[in-house]
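Trainee: Residue numbers (full-length UniProt numbering), protein chains in the order written: chain A, 1 to 455; chain B, 1 to 455; chain C, 1 to 455; chain D, 1 to 455.
Watch out, some of these pointers could steer you wrong.
Using 30 Å as the maximum straight-line C-alpha spacing, the simulated DSS-like pairs for lysine-lysine come out as follows [what the hints assert, rightly or not]:
| # | chain 1 | residue 1 | chain 2 | residue 2 |
| --- | --- | --- | --- | --- |
| 1 | C | LYS283 | B | LYS283 |
| 2 | B | LYS101 | C | LYS70 |
| 3 | A | LYS283 | D | LYS101 |
| 4 | C | LYS283 | C | LYS269 |
| 5 | C | LYS70 | C | LYS101 |
| 6 | B | LYS269 | C | LYS101 |
| 7 | D | LYS70 | A | LYS101 |
| 8 | B | LYS101 | C | LYS283 |
| 9 | B | LYS283 | C | LYS269 |
| 10 | B | LYS283 | B | LYS269 |
Stretch-level coverage of chain D by chain A, calculated; a stretch enters the list once three of its residues show a Cβ under 8 Å from a Cβ in chain A [said to hold, decoys possible]:
| # | stretch |
| --- | --- |
| 11 | 80-94 |
| 12 | 99-105 |
| 13 | 140-151 |
| 14 | 328-339 |
With the Cβ distance kept under 8 Å, some of the chain A side facing chain D (calculated, not the full set) [said to hold, decoys possible]:
| # | residue |
| --- | --- |
| 15 | GLY18 |
| 16 | LEU19 |
| 17 | ASN91 |
| 18 | PRO167 |
Simulated from the structure, these hints should not be mistaken for laboratory data.
Because the structure is a prediction, the values reported are computed rather than measured.
Cβ atoms here follow ideal geometry from the backbone N, Cα and C, with glycine treated the same way.
There are 4 protein chains.
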Amino acid sequence: MDTNSGTVAVQNAHAADGLIDRFFQVRAFSEKIVEPLSPEDCVIQSMDDASPIRWHLAHTTWFFETFLLKPSGDYRPFDERFEYLFNSYYNSVGEQYPRGKRGLISRPGLAETLDYRSHVDQAMRSLVEGHDLTDEERQVLEIGIHHEQQHQELMLTDLKHALSCNPLAPVYRDGACEDLDTAVGQSWLEFDPGVVRIGHDGDSFCFDNELPRHRVFLEPFQIADRCVTNREYLEFMEDGGYDRPELWLSLGWTAVNEHGWRSPLYWTKTGSRWSHFTLSGRKPIRLDQPVCHVSYFEADAYARWAGCRLATEAEWEHAVCSQLDDPFSATQRGNWSDELLRSGRCIHPKLSGTDSYCNPQSHYGGIDGDDPDQPPLADAMGNVWEWTSSHYSAYPGYHAPAGALGEYNGKFMCNVFVLKGGSCATPSGHARPTYRNFFAPESRWQFTGIRLARC
Amino acid sequence: MDTNSGTVAVQNAHAADGLIDRFFQVRAFSEKIVEPLSPEDCVIQSMDDASPIRWHLAHTTWFFETFLLKPSGDYRPFDERFEYLFNSYYNSVGEQYPRGKRGLISRPGLAETLDYRSHVDQAMRSLVEGHDLTDEERQVLEIGIHHEQQHQELMLTDLKHALSCNPLAPVYRDGACEDLDTAVGQSWLEFDPGVVRIGHDGDSFCFDNELPRHRVFLEPFQIADRCVTNREYLEFMEDGGYDRPELWLSLGWTAVNEHGWRSPLYWTKTGSRWSHFTLSGRKPIRLDQPVCHVSYFEADAYARWAGCRLATEAEWEHAVCSQLDDPFSATQRGNWSDELLRSGRCIHPKLSGTDSYCNPQSHYGGIDGDDPDQPPLADAMGNVWEWTSSHYSAYPGYHAPAGALGEYNGKFMCNVFVLKGGSCATPSGHARPTYRNFFAPESRWQFTGIRLARC
Amino acid sequence: MDTNSGTVAVQNAHAADGLIDRFFQVRAFSEKIVEPLSPEDCVIQSMDDASPIRWHLAHTTWFFETFLLKPSGDYRPFDERFEYLFNSYYNSVGEQYPRGKRGLISRPGLAETLDYRSHVDQAMRSLVEGHDLTDEERQVLEIGIHHEQQHQELMLTDLKHALSCNPLAPVYRDGACEDLDTAVGQSWLEFDPGVVRIGHDGDSFCFDNELPRHRVFLEPFQIADRCVTNREYLEFMEDGGYDRPELWLSLGWTAVNEHGWRSPLYWTKTGSRWSHFTLSGRKPIRLDQPVCHVSYFEADAYARWAGCRLATEAEWEHAVCSQLDDPFSATQRGNWSDELLRSGRCIHPKLSGTDSYCNPQSHYGGIDGDDPDQPPLADAMGNVWEWTSSHYSAYPGYHAPAGALGEYNGKFMCNVFVLKGGSCATPSGHARPTYRNFFAPESRWQFTGIRLARC
Amino acid sequence: MDTNSGTVAVQNAHAADGLIDRFFQVRAFSEKIVEPLSPEDCVIQSMDDASPIRWHLAHTTWFFETFLLKPSGDYRPFDERFEYLFNSYYNSVGEQYPRGKRGLISRPGLAETLDYRSHVDQAMRSLVEGHDLTDEERQVLEIGIHHEQQHQELMLTDLKHALSCNPLAPVYRDGACEDLDTAVGQSWLEFDPGVVRIGHDGDSFCFDNELPRHRVFLEPFQIADRCVTNREYLEFMEDGGYDRPELWLSLGWTAVNEHGWRSPLYWTKTGSRWSHFTLSGRKPIRLDQPVCHVSYFEADAYARWAGCRLATEAEWEHAVCSQLDDPFSATQRGNWSDELLRSGRCIHPKLSGTDSYCNPQSHYGGIDGDDPDQPPLADAMGNVWEWTSSHYSAYPGYHAPAGALGEYNGKFMCNVFVLKGGSCATPSGHARPTYRNFFAPESRWQFTGIRLARC
C-alpha cells in the first residue's frame, strides 16, 4: 500500500466514521427494544407474517455476516448452521428454513443470540479497523443498517401482535399516550395539473426501488392536511361501514366476512366503550388519534364512504415533498419509535393534525411553486404509514441490482400496495418521503392509517 | 300513443335498430357456441374461477331480465327463483348462490335454459316494440350486449378448461390450426418521452373503467412488433426458466412450486415432443404460434429472462392507438372467435407476426407523429390477451356509476393485472385498444400471451 | 359346440339360471333408477363422498368388464380408456381418476354410458351362453351383482344429496310418504349373558367381512323394539341437544361446531315448522317416522341424552337373528327401494314400530331360546341403517381374499362404524342381518337412524 | 383442633401418607424433567397435537387448583385468569384457550409458572394438613397424580418433537442407549379359546375406562414374545413396504402419500445409513431395539407384510396378565422414564426380547392355567406402547363419572386405537396391564411399537 492510497484510506476512514457510528447505534437500538422482554417473549411467532423477536435479532446479524464478513475472507462464523436458519428469503444464498415455522426454534435462545450479535459486532469492528471499506462494502453496510431498522419496526409490530394473542394482555412497557379528545378540523391542499418528478435524488441513501427519479403527470387533485381520526372512523363504523358491500372492493368484502372484521385490529368493545390493545397494555380509544391498524381494504372503504379516495403514491410524494426543504433526507421531524422509547411514551401515534411537521419556510402548494393560502400538511412522517391507492410497481427504468441484494425489493412487486411516511414504530433516520413501504391489502398489524384525497 | 310520440318512436326505432339487431345477433352467437355440446358438457364446473356453460347462458339472460325487463314494469318472470340462482356478484340485487357450487345445479337443464332465453328474448322484442327505449334503457341494453360477449369468451375458455380435465381429451369441434413452423424475426417500435392521453374518447361504447381519458407521462420506451412465440418460450423452458428463482417474482416462485408448473397450461410432453390440448383436441405445439395460457408470473419471468420487461398499460395503449385511424372503435381487424367458428378453424391464436393488423395509413411512431421507419405492430388485437405490468387501478377522476351496474368494474381493482388487445376467444365487435381486461396474476385459463417492452 | 357340452351348458344354464336372471334384473333396476333423470342430473357431483349417477352406471359395468369379461379372454372392450376412468379404488387394477373430480367428466355422457352398459350386458350374455361359468366366475358374478346393488343405494343417496344443493328443491319422483302422526310406545327386549355366535353361515351369499362366524361373549343387555322417531329426536333438539357439550363425543362436538349442525341433514325450519328435503321434494316432518340422516355423533349424543347407549354390532345381530327363522338369507321383509319405486311411494322410511318385521314363529328372547314375553323387534331390516357402537374391525380369523377383490372390504377397517339392517334405499335381496355396512362417524347422507340399547 | 380430631388427623395422615408422598414425588419429577431446558424450550409448540412444556407444567397444576383447591373453599388463586388459559378440554369448567395456539403464550413464563406450581403445592400441603381428605378428595388427588404422570410422558414426547424441528438437532440430555446389535429370535405364546375377563379389578387405582371388568370370548390365538425390531422393520422397508398399496389400510395408504412417509418418524438416511433423532441427539439406528415412532397404519401394514396381524386389546391384556402375579398393580418392572433419567441413560426403548419382564413364577399359557412350555413374554411393560387392533370403545356397562372428571376418558372414544403396556417415556408407577392408552391411527410422536399376533 503506497502513501497515496494511505491518504485515501484516511479520508475514507474519516468518511466512514459516520456510517460506522450509525452501525453501532442502530445495532444497540435492537437490543434496547429487547430489554423489557423475557426469553419466552422473544421466541414465539403469532402468525406466518410475523417472526419471533429472537429471529429478527439473529437475521439482521446474519445479514452482515453473510454479505459483509464472509466475503471479506478473514472471518470465523459463529455457527455455520445459522446460514440456513436465519436466511429469510434470499434464494441466491441458499435454502431457507420455512417462514411459518420460525416459532419452532428454541435454540439458539435469546442469550446465545445476543452472543452471536456480539461476535458479529466484534468482527465488524475488526473489519472496519483492518482495512478501508471498499465502495461496495460501504454500500452493503449502509443497506444492512437500514435493513436492521426495518426489522426494528417489525420487532415492535410483531411483538404487539404476539402479545395481543395472550388473554392476559401483557404490557411491553408502561407509557402514556397523548389523551386529548378535541376534534380538529380538516382542510384540503390543492394541486394543479402538471408533470412532476418523483423518486429519490441526491447523495443520501435510498433503496433501489426509489429509483430512478422520473416524470409523472398528475391531473389536479386535493389532499387532506391530516390523517383520519378514530372519531371519524367510528362514524363510519356506526353508519354501518362494515355491513355495506357497496363501500368495499370485492376482495375487501370477502375479507370482512371471512375474518369477521367489525373494527380496526386490536379494538375491543366492552359495553358501549371501545378500547384497544397497545404496547402499554389495553387502553381506551382516544378519539383524535389517527385511526391505525386498518387494512388497505378498510382505508379504501372509509374513503369511499367519505366521498373521497386515497391518494396515489405520486400525489402523496409530490404533496409532501413540496413542503420540505430537503425532501430526500431521512432526518425529518416525526414521532419515531426510538424517541418514544427514550422519552418513556407509549409507542403509538400522536394526535392527528395538532402538529404540522412541515417547515413553514418550505415550498408547498401547486406544482409550480408556493401558495401562501395552502394549509400546512401535518402528520405525514413518522406517525402512521399511509395507504396509497398505488400498487407497488417498478419505476420506469428500474433494474434490480445483480446478486443477492437484488432480491431485496423487486421481487415483491405483486399484489401489495405502497404505504408512505413511516410510523411511530419506525426508528428515526430511516424513512424519507420517497420511501416505498409495501404490504398486502389485508395486512393490519403495522401502524397503518388513512389520509384522504379527492380530485 | 299520439302521433307525435309515434314519430319519435319511429325515429327512435330507427336509431335503436342497430342496437336491437346487435342484441339478437349476439344472443344468437351464445347459442351457436353451445351447438356442438351435450347437456352434460353444459353443466360441469371445473374450478371456482370457471362456471358451467349453462350458467353463462342463464346469467347473461338474467342480466337483461333484471336490469331491463323487471324495471320496465310489464314483465312476467320465467321463474322468480332464478334471481337468486343466476346473480353472479351483484350485492345490490341480493344474495348470490355460492360461486364455487354452480356445478351442483342440474336444473334448470340446458333445454329449459334455452327456453328461458327465448322467453327473455321474446320479452325484449315486446319491450322495444312497445315503447321507445329511454336513454338509460339503451345504455343498459348496450352494456348487456357487451356483458354477454364477455361471457361468450368465458364460455369458450371455461369449456376448454373443463374438457381438458377429462382424460379422454374430448374435441369441442374439429378445426385446423395454422401450422407453419418458420421463425419470424422481431423488431422494436421506439417511442420518445412525453405526455400522452389514454382512455376512451368519442361516441362509441366503452366500459366505465376506460374513462376518463386522461394524461400520462411516458418515459422513452420500445415495444416489440409481435408476441413471443412458442419457439422462444421453449428456449426459456430449456434454459431452466422454471428452475431459477432469480427470474421470478416472489409470489410467482411460490406458484411455480405450489402448482408444479413446468410449462404453459394445457401442454404435455410425451417423450421429447410437446403437445397441447385445444378446443379441437390434443395437437402438437406449433413453434411460431404465440405462446398462450401463461400466467402473469410466467410472462414476467420470461421477460426478465429475455432481458426485457412487459409494457405498462399506457405504453401498450399508446403504441397501438398510434397505429390506428379509429382507435376507439371495436371494429378492428383480428382473429375473433365468431369468425373462427364460422370459418371452421380451431379457436386458437394465429401465427405470430405474420400479419400486422395495423392500417398502413395510420399514425405510428413517436408521440409526436408518424415515423416511416417504424415497423408495423402485429397481432395486437384479437389473438392473445397481452399481460401488461400495470395493476388494474382507477383512472384519475374515475367514479363507479350509481346502482347495481356500478358493481361491474370498480370493485375488482385489487390484486389483478391489466390485459390488452382481446384474444381468439373474444367475439368481434367487443374489444377496443382502450379495453381493460383484468385477471389475477396466477390465472392461466384465458388465452393470455406476452409482448416484450424495454426502455 | 357339441352335444355333450350342450348338455352341460343346459345343466349349467339351469344351475346358473337364478344367478343370471338376477344379474339382468339387477342391471335393469339401475336403469330404472335413472329413468326420471335428465342427462344433467346424472353428471353432477355434490361432494367428495358422493359420485355422479353416470359414474355409478359406468363403474358397476366396469366391474363386470374388468373382473369377468377381460379375464375370459374373448372380449372386445367398449373403450380401453374406461379402465382408468371408472376404477374406483382398486390399486391392483391400476391408477384411478381422482375421486373428488368425478363431476368434471362430461363424456361419456348418459346416452353413451347406457350404450356401454348394453355392450357389457351383451357380452355377459355371450359369456354365459358360450361356456359353463367356472366356480370362480360364478363367485365374481355374484359379487358383481351385490356390488351393483350397493351402488344402487348410493345412486339414490348421492342423488338426494345433489338435488338438495339446488335451491329449487327439485323432485326426483313424486310419491307419498306415510303420514300418520301418532306416537307409538317403545318396549325393551332383554337378553341374558352368554356366548353367542355372530357372522354369516350357510350357503347363501355373503361378503368376506361377514366371516368367519365366531363366538362372542355378551354381557346382559336390552335393546329397543323400534327406532327413535322424529318426535323423540325433536325433544332432544328442544332440550338443547346441539348446545350441550357433555352429551357429545369430543370429535362430535367439534363436528357440531364446525358444520353448524342444529338438526339432522336435510331439515329446514320455517317459522316454527320443520320440513325436510326428500326424493319427492320438500315435505313436512312426520313425527313418527324414524329419524334419519343423522351422523354417528348425533346417534351417540341422542342415546346419551336418553340415558341409554347404542347397541354393539354383536348385540344387534344376536337380537335380530334370534327373531328370524332364516337369518342368513337376504330375503327378509322390509321397506326396500325397488318395492318403493314400483309402488310409487316416496323413497323414505316408513313409520317406526308400526310393523314388526319379525316372523311370529321365530325364536327370540334370551340367548338360550324363546321368550314369549319379549315384544317383537320392529323395523330392523330395510328402513334405516342403524348405527352401532362398534368400530368396523376384522372378525377373528378374517383374511381378505387374494387379488383385486381383496380390496373390497378389509382395507376400510379404520375410523368407520358398523351400521346394520339396510335402509329404504337398499334394494331387496341385498342385505342380511349379518351384513356389515360402514361409514365414517360424521356421515349423514345415507338413510341412517338410531336404535337404543342399555345394559 | 381437639385431641379427638387430632387423632383422626394422625390416622388420616397415616392413611394418606402414601398418597401425599406420591403427590410431592410426582410433582417433583415434572420439575426434574424441565431442569435441562431453557425458558425458550418450554414455550414452543411444534404441532396442534403437542403442547408447550410450560403449558404442561401449568395445566397439571391447574388441575389440582380447579378440582381440589377451589372446591375446598379456603384457597386464594395464584391468578384467576389461569382458569381460562390452562383448561385443556373441560367444557364443564368453561371456555378453553384454543389448543393450537398454546405456543403463542409467552407469559406466564417458565419462572412464573414454577412459582405457580409452588403456590399450589403449598396450598396442597395446607389442605392435607388442615383437614382429613374426604374420599372424594382422595380420589381426585389420585386422579390428579396420574394425570400429571400422563403429562410427564407428553412433556418428553412433545419436547422430542419440538426439538426435532430444529435443524440444529439439539440435545435434551446426553445419555447412552444400549447398542448391542445381535439379532434375537422370536417365539410365539399360544392360547386356547375361551371366556376370559379383562378390565381392572382390586383396590389399586385405575381410570374409569378400565372398568368394569367383564367377560370376553377369545378364539385361539398366538402372540409374539417380543416386539418387532428395527432390523425386522428395515426388511419391510427394503421389501418396498412403503410402496405397496396392498399392504395398507386405505386411510393408511392415503397417509403414506400425503405425508411422504418412507420410514418411522425421526429417521433420516444419509448415504446408506439410517440414523434417528433421540432426546440425546441424532444417533445411528440400533438394529435390535424395538422399532418405535410408527403409526397404527405402519404397525398394521408391517403385520400384514409379515403374514400376521396385531393383537386385539383383549388378547394382549389376557396374555400379559396371565404371566403376572399381580396384574392390577402399576409396580411392574419396566424401562421407565424416571429410572432412565436417574441413571443417565437415553430416554429410548431398550433392546427387544433380551429381558423378559415377567415373573418366572407367574401364571401364563392357556386360559385355563400354566403351561411350562410357553416362552416368557418380554418387553410388555414400559418400553414401547404397543398398538392393538382394537378401537378404543366403552367396556360393557361403562359409565363416565358425573361432572368435569367425566370428560377425562369417555368422550374420546372415536377414531382412536388402544395401545398397551407403557413406554420408556412413561414414569414408573403409572401404567398397568389393564391401562388403556389411545391415539389416532396416524400418530407417530409417541414411543409406539409393534407386537405381532396370529390366529
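Trainee: Look at each hint and say if it fits the structure.
Mentor: Results of checking the hints against the structure:
1. C:LYS283 to B:LYS283: With Cα atoms ~52 Å apart, LYS283 of chain C and LYS283 of chain B exceed 30 Å; violated.
2. B:LYS101 to C:LYS70: violated (38 Å)
3. A:LYS283 to D:LYS101: Holds: LYS283 of chain A and LYS101 of chain D sit about 24 Å apart, inside 30 Å.
4. C:LYS283 to C:LYS269: At roughly 11 Å apart (the allowed maximum being 30 Å), LYS269 of chain C and LYS283 of chain C satisfy the hint.
5. C:LYS70 to C:LYS101: Holds, because 26 Å separates the two Cα atoms, which is no more than 30 Å.
6. B:LYS269 to C:LYS101: Since the Cα atoms of LYS269 of chain B and LYS101 of chain C sit roughly 23 Å apart, the hinted pair holds (cutoff 30 Å).
7. D:LYS70 to A:LYS101: violated (38 Å)
8. B:LYS101 to C:LYS283: holds (24 Å)
9. B:LYS283 to C:LYS269: Violated, because 54 Å separates the two Cα atoms, which is more than 30 Å.
10. B:LYS283 to B:LYS269: holds (11 Å)
11. 80-94: With 3 residues in contact (Cβ-Cβ under 8 Å with chain A), the coverage given for the stretch 80-94 of chain D holds.
12. 99-105: holds (count 4)
13. 140-151: With 0 residues close enough to chain A, the hint is violated.
14. 328-339: It is violated: at least three residues are needed, and the stretch 328-339 of chain D offers just 0 whose Cβ sits closer than 8 Å to chain A.
15. GLY18: At 37 Å from the nearest chain D Cβ, GLY18 of chain A fails the 8 Å test, so the hint is violated.
16. LEU19: violated (33 Å)
17. ASN91: Hint on ASN91 of chain A: violated, closest Cβ of chain D at ~18 Å, above 8 Å.
18. PRO167: PRO167 of chain A check passes; min Cβ-Cβ to chain D is 6 Å, inside 8 Å.
Of the hints listed earlier, those the structure fails to meet are numbers 1, 2, 7, 9, 13, 14, 15, 16 and 17, in rising order.
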